[in-house]
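Trainee: Using my numbering, read the sequence shown as starting at 2 and increasing by one per residue.
Honestly, the hints are just simulated from the structure, not real lab data. Keep in mind it's a predicted model, so treat the numbers as computed, not measured. Be aware that a few hints might be false.
Quick list of in silico lysine-lysine cross-link-like pairs, BS3-like style, CA-CA up to 25 Å [what the hints assert, rightly or not]:
| no. | residue 1 | residue 2 |
| --- | --- | --- |
| 1 | Lys273 | Lys248 |
| 2 | Lys293 | Lys311 |
| 3 | Lys283 | Lys293 |
| 4 | Lys262 | Lys303 |
| 5 | Lys145 | Lys273 |
| 6 | Lys351 | Lys283 |
| 7 | Lys293 | Lys303 |
| 8 | Lys145 | Lys359 |
| 9 | Lys117 | Lys145 |
| 10 | Lys351 | Lys329 |
| 11 | Lys248 | Lys293 |
| 12 | Lys303 | Lys359 |
| 13 | Lys359 | Lys293 |
| 14 | Lys225 | Lys273 |
| 15 | Lys262 | Lys311 |
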Amino acid sequence: MESGLSEQRWKFRANEFYTSSSTISVRGILGRLWGSLSEDNPRPVIPLGHGDPSVFPCFCTSPVAEGAIFESVSSGGFNCYSYPVGILPARSNLEMRHFDLLPERGWEVDLMGVEKLADENTVAMVIVNPGNPCGNVYSYDHLKKVAEMAKKLGIMVISDEVYAHLVFGNTPFTPMGVFGSIAPVLTLGSISKRWIVPGWRLGWLVTTDPNGILTKHGVVESIKGFLSTSPDPATFIQGAVPQILEKTPDDFFSRTIDVLKQTADICYEMIKDIPCITGPYKPEGSMFVMVKLNLSMLDGVKDDVDFCMKLSKEESVIVLPGVVVGMKNWLRITFTIEPSLLRDGLERIKAFYERHAKAP
């Protein structure tokens, strides 16, 4: 190193907020779990912590989607920048306040809690339907109550519906936009989940606002302005979207739902045989189920992160600790995996429990 540089006073430093927050992010904790795997364990790693089904043969994307990408790339028409929209937006920091979901009521939003959290500075509430991480699907009546609460508070509803078509239970999916006449709705959608291509990173925003409230308050223009300064999906993927949306056969979607229903059933039933975890709600949509961890039944396990770290090292099974999604001492398990591997993974979790169970 050049003489004197190590003693030089430099004005930059690490951002402690981002450094610390990354350790409890989904990607951050999954990186730690993968890093804790034992090299001496010959068994294959079973990833039940990250909702990426694309690597498993039973969850492969449609040939139409793959063909559309090939045509888009080979056409030569999508090697350019995408067209910018809008103007530079003003920016300000946002405070997030987390409201509860009620497991005993199918993970419904605690609307009384939302009302208590809100104040004159609150501008929106965010819901995920179908639910990640809980696997729930909100009923029509509950979503209407969400809209009515938003109207009462004078806020918009931001509805993440990327799992909208992955529903396999008894509760039909209802788009939040149905209630746009009660309160304005901003809906998020994507091709990532329905077409099983999470790495393509293409999604969209839709406003449902028949009363023109978002336009009147400049929100639509702010969204356009933000899009002009944010990274766009690769242009060749944008060019393939029309074919992907229009030409994918229905049997591709029905096969995906059939496998999801099968693996969700396997997961829910096998969880019943693992005494230290309980699943209060059978998943009806998305790719996940939340289970509560009973630490009093385990010896030498401090919390959900400790459970997952020891599980990955001893059993080569990756499960996401609930603290990452705001639920300490819960676990998120994904069932978008080959049925045989899912059974194997859950059997390993049971073996882990039996090895760490407290003596009666």
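Trainee: Among all the numbered hints in the text so far, which are the ones the structure does not match?
Mentor: 1, 4, 5, 8, 11, 14, 15
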